[in-house]
Amino acid sequence: MENIFGHANYFIYIMLMMIGLYGMMAKKNLVKKLVGMNIFQWSLILFFVSIGAKDGGTIPIVEGAHGHGHGADLLIQASHYVNPLPHVLMLTAIVVGVGTTGVALAVLLNLYKKYKTLDEDEIIGKL
Amino acid sequence: MIWQLDLILLVFIVACAIGALVVKDLLGSVILLAAFSLLMCLLWIEMGAVDVAFTEASVGAGITTVFFVIAVFKTERRSKD
Amino acid sequence: MEIIHSIRPLLAILVSLAAAVLILFFGKHRNIREFWTLAAGVVKFGLVLSLLPMVLDGKAPVTEILTLADGVSLKLRVDPLGLFFALIASSLWIITSIYSIGYMRGLNEHAQTRYYFSFALCLSATIGVAMSANILTFFIFYEMLTLATYPLVIHKETPEALKAGRKYLAYTLTAGVFLLAALVATYSFAGTLEFTPGGILKGTADHPTLRLLFVAFIIGIGVKAGIMPLHSWLPTAMIAPTPVSALLHAVAVVKSGVFGCLRVLWFVFGTGLLSDLGVWIWLAGFAAFTIIVGSLVALAQDNLKKRLAFSTISQLSYIVLGGALLSESAMLGSTMHLVNHAFMKITLFFCAGAIYVNAHKTKISELNGIGRRMPYTMAAFTVGAMGMAGLPPVAGFISKWYLCIGALQAEEMLFLVVLLASSVLNAAYFFPIVFRAFFRKPEPGAGEDALPSGEASLFMVIPLCISAVVSIALFFAPNVPLHFLELAKTVVRQVLQGG
Amino acid sequence: MKFLYLALSVATGGLLIFGALDMPVWGDPNSPANSHVSPHYIEQSFHETEVPNMVTAVLADYRSYDTLGETTVVFTAAICCLFLLRRFRKEDGA
Amino acid sequence: MIQEQESIVIKTVARLLVPFIQLFALYVIMHGHSSPGGGFQGGVILAASFILFAVAYGLDEMKRRFSIKALTVLTSVGVFLYAGIGLLCLLLGENFLDYGVLPVIEPRGMGMLGIEIGVGITVMAALISIFHDLLDFE
Amino acid sequence: MYDSHFPILVVVIPMLVSFVVPLVGMWNKKLPFYMATTAMIASLATSIGILVQVLQHGPISYRLAGWAPPWGIEYYIDHLNAFMTVLVCFISVLITIYSQKSITQERPDKEVHFYCILLLLFTGLLGMLVTGDMFNIYVFLEISSLSAYALIAIGDEKAHFATYKYIIIGTIGACFYLLGVGYLYIATGSLNIHDLSTLLPPLYGSKVIVVSSIFFILGLGIKMGLFPLHTWLPGAYTHAPSAVSAYIAPLMSKVAAYVFIRVLFTVFDIRFSFETLPIMEILGWVAAVAIIFGSIVAISQSDIKMMLAYSSISQIGYIVLGLTMGNREGFIGSVLHILNHAFMKACLFAIVGAIIYRHGTRTIERFGNLHRTMPWTSAAFAVAALSMIGLPPTAGFFSKWYLVLGAISAGKWAFVVIIMISSLLNAVYFFRVIEHVFWKPRSGGIDLPIERNEAPKSMLIPILVLAIGILALGFASHWIIEMVIGQTTPAGIL
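Protein chains in written order, with the numbering used here: chain A, 1 to 127; chain B, 1 to 81; chain C, 1 to 499; chain D, 1 to 94; chain E, 1 to 138; chain F, 1 to 494.
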């Protein structure tokens, strides 16, 4: 049981990913597909960020840095701060996500201009 | 971390995700997506990931939504599924 | 064998490649184009001939070009068997080239440049096949030969020709794939691919695997050699122009198949391993079956070229049979039949071509009385037919004699009976043609125009007379023209010593 | 067809959950992810780069090359949208 | 597609808000070192301010103030600035993007600030450009 | 002087040039082509420099921003990436030169940004090749994917829908890759490839690692176009502009295959890939099905680009099949096939582009008499097709040789049979095209006068270089294997 509770968060993130993935594959509307894609990517990001979470950790900005000038004497303990690395990675992933969404929307507008519909099946019918 | 808050946020997030996919009105779907993203920001702030939350708030709830809304306005609002 | 490094084997291959390029380049001027064909033929023959003294001295000229895989290189080596085949191919190329000029001009064929180009490539590949030192090199030239022959088969570009080409490719490429698998397996087992008298495979794998490997090899090579269930591309490919058929059946493709068969039997497996495995009897059985059935089918053909094709199928199996019997005389007979059959069959095809060009006849039933108008052609045809039936004084007798002795040595009476029966059958399908040509009156309704007024052009008559004369000469003095008998004996001695 | 997609996404999720069973407990400060590379960032980044915000320090210094890639992605997206959507007249840029 | 709004309230609020949003965006870019934020977030906010302007005053008005060519140039310039700083480090004899070698005080901090500005410029210009392209597509 | 910086220069040069291209394009439309070509040639020179360094001194490690790995990002170049880098640069240069005429004809309005995006795609591919960091691969994967989406979308009338499909499936692939990275990160806390390879062995029993490896395979399988994850590939290759097909088909899937090799053999080692899980056994059969499936579907196509696309699916099967054999011969066969297939596919798609340029058709039935109008192109097609079939002495034969050798050494006779069947199927569909090109008259206009209408020189020369390359690679294959590919064999493979 302890195993399940300790991982409950992970399971919910994975469920979100499944929702997104399902939307991406099964929805026939092209915008819905993109909505699913964003849900998938953001839950992936959520999952990643949660890797860095730490019980008893605080935001990864050095406390009291301003008073110390160069701060060479400042003692920083790893257990005080959450892990910054996943945050960095996920900043990149968010940007990639918005880039992909932009390009996909550009293609989508082109598609709509040509076929006057957003439904995948109808477009296949008109190909 | 406060697990009660966590739980409520997660429930809302899941609800938003399912809602965004189920709603037949594309604009509603997009707005639900923005809400999904915003709730996620709260979760991140709670985890201490302020930078990510900041970015997600400006990108996920902001720019991406703007793009989506433009796309929906330029195409059509109704969806069959 | 003493190895000497020499560039001549490579040159012999490159000559016709260079000629191919030149032919393409001078495609617009037919005289220059055909000059290059002939010149390359002569130079190539000269090069091959210049290797003869070395080989007779027991030396082996070797050219190593580059490494293809660990321990396997693109390597040419002239051993007696290879030289034997190279001599046949290069000498017949000259004759066929002359004949082609007459044939192609006589019919005003299209795409003659492509024809000569492919022809040169074919010869290049054939010499490569003959001189390969290992199976990989052999395979490379073998596939090159397949491809170079394809444009020749579909020369007419009619739907039937394309269909024949497709069939040809389907058979030969499938065979190529089997051969590739077999040779990779050989490499994997033996670690080398070098042709060695006595074989390289002995003791490298268990017997069932080796038997499987043998089957793969025989399928791979048997297609080109026309062994019976695998033969059916050959009659279809008769749609090609006659010089091509002559080349395909007498020299290049099928002979390469048979040659490869001998290579595999004697130089990859080795006589000792073959008798251990007990597979030779199966191969010999298939060959015997092919000999008889091929002859019987030939009897039923009315198309002259088709009849010749089935005759080829049957005759090639003599060579395979001799190779598989593993007795000294059978091997000698089989080697000698390579050259004898080449000269006799090319004569017959040349005659068929001459008749087609001159009289536009392809069916045997239309040939009544043609011998009076085309006496030289039909005389040459008679020589070829006698050779096929194994009658003296034509070379066919010699090889058949050795084969029969070989069958006796191997104590396989059945095969002796097969050989003799086949001679009778050969006579039965060739002599009616001769009889019709000389002793039947032309069909009454056919009118005077039905028959040609005289012989075909000299370009065609001279080659076919030469080959007929050589066929006879090979009977009286099998050793004189190019030391064929001596070479054949060396081959057999090597193989038996090695095995 | 929808059932197939549902099955596919459930299978993916099941696989992920199966993997997640062996993960360190959520928020564990001693998990490998929190104890292998990241302590160096937390403890040394301020001394090495003099930037208090560790995320910025890692983003713009330790892994600055990733950030260059990220910026290039934004650039690529902009150029791609321009490429796909903008109509260029003949006289443009001629 | 986006026309100038009729409502005076929206126009006035937008006019009032835009400078403050932009100021905040610059703050976010500059203070990425010590507080949450950085080039990317600042760039997005800057872009948002222009988008707000476009919503209130119409796309044509925005284009009049901020030409499309300038957007393209800025998109390139920002990311070029980033890569250029990296290349400068390389030319000065250190590895790519190794700011330690830059000839300024506090080279690491300054190097980071430089690239943050580059990121900000690119992100702003790129997002406005995408916004404009999506909106202007016929 | 800067030779120690070659690893980064090879990526940064095209990147920087691509940033400048849109600016230059504003006042001169012709210059971007020359800039792109120059940048790619510079990259090619640099990559050759890297290869020489690697051959002389062994693997190179380059610390970006000066931080030591695993804290900073590391570029790690061994024989395999150095070789792949040279390959990608070489083909890129040729296809860029080739693309000039083709793109001017097909989409004259988009020329400037075409070269910008092409450079970005090139940058993305190179970035994936040289890096030694798992997350960095993802970033550059996305750069290359985004640019590929845009390039494909400007193709024919069906291109947009194919692109949309590609975007959706490609994003799933990239996200799966990222999930794999995330699971690895959870288990180890590192992102550096070589750090991971030392951290992972004690953890092989963990479910996290197993799942991460599965997601790597799925994600990269999607990006490679491995059956049954290939569904985006035929549409994308077919409907893209011809220059883009000629660029993407040989390179994108090959680079993904490289990452696949990197993950399976460097990050995870042989022991994991072959013993802990039966992944390789399953992958081998998947690849075998891919080979047969791709070939059979290719036979039924009448659109030559569609046919080549399905043939690509089958060839990807070859590459994966070689990897799953678990011996040196199979591995060499795979890497050699990456090289050979890149050349062959580039050549074939370039030829198809040239045919479209001159005759405006890609239906095989309408290729009659092509050998009269475009003799050189037809000859090049014959060479490339023979190589695809695997006939000696072309390059394709030698990769098949090593693959069969690997299968026999591994005792997997079924795979030998599958390779044999597949090369026959290849022969069926390629000879069908050859028949039309060389022997059939053009359907429709029988009386049309036939005159030479060869592709323009800037298209023809790359095609001929590729065709000659195919022949040369055949003869040089052993040399290449001895010099380079033989050194790439991962530790543990005999």
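A few of these clues could be false.
As a list, the in silico DSS-like pairs of lysine-lysine whose alpha-carbon atoms are at most 25 Å apart [to be verified]:
id : chain 1 : residue 1 : chain 2 : residue 2
1  : C       : K167      : F       : K440
2  : E       : K63       : F       : K29
3  : C       : K202      : F       : K412
4  : A       : K113      : B       : K80
5  : A       : K113      : F       : K165
6  : B       : K80       : A       : K126
7  : E       : K69       : F       : K30
8  : C       : K28       : C       : K156
9  : B       : K24       : A       : K113
Which stretches of chain D does chain F cover? Using the computed rule of at least three CB atoms under 8 Å from a CB of chain F, they are [said to hold, decoys possible]:
id : segment
10 : 4-11
11 : 32-41
12 : 54-66
13 : 73-87
Estimated spans, in silico, between C-beta atoms of each pair [stated by the list, open to error]:
id : chain 1 : residue 1 : chain 2 : residue 2 : range
14 : F       : I468      : A       : K126      : 23 to 31 Å
15 : E       : G93       : C       : L24       : 52 to 60 Å
16 : F       : A45       : E       : L16       : 37 to 45 Å
17 : E       : G93       : C       : I3        : 43 to 51 Å
18 : C       : P159      : F       : T104      : 16 to 24 Å
It should be emphasised that the hints constitute simulated quantities derived from the structure, not laboratory data. We put the CB at the ideal spot given by N, CA and C, even for glycine.
Hint check results:
1. C:K167 - F:K440: holds (17 Å)
2. E:K63 - F:K29: At roughly 24 Å apart (the allowed maximum being 25 Å), K29 (chain F) and K63 (chain E) satisfy the hint.
3. C:K202 - F:K412: Holds, at roughly 23 Å.
4. A:K113 - B:K80: holds (19 Å)
5. A:K113 - F:K165: holds (17 Å)
6. B:K80 - A:K126: Distance of about 17 Å is within 25 Å: holds.
7. E:K69 - F:K30: Given pair K69 (chain E), K30 (chain F) holds - Cα atoms ~19 Å apart, limit 25 Å.
8. C:K28 - C:K156: At roughly 20 Å apart (the allowed maximum being 25 Å), K156 (chain C) and K28 (chain C) satisfy the hint.
9. B:K24 - A:K113: It holds: about 21 Å lies between the C-alpha atoms, which stays within 25 Å.
10. 4-11: Coverage by chain F is violated for the segment 4-11 of chain D (0 residues, Cβ < 8 Å).
11. 32-41: holds (count 9)
12. 54-66: holds (count 6)
13. 73-87: holds (count 10)
14. F:I468 - A:K126: 23 to 31 Å: violated (44 Å)
15. E:G93 - C:L24: 52 to 60 Å: About 58 Å separates the Cβ atoms of G93 (chain E) and L24 (chain C), which means 52 to 60 Å holds.
16. F:A45 - E:L16: 37 to 45 Å: violated (56 Å)
17. E:G93 - C:I3: 43 to 51 Å: Roughly 59 Å apart at Cβ, these two residues miss the hinted range, so it is violated.
18. C:P159 - F:T104: 16 to 24 Å: violated (40 Å)
When the structure is compared with the earlier hints, violations turn up for hints 10, 14, 16, 17 and 18 and for no others.
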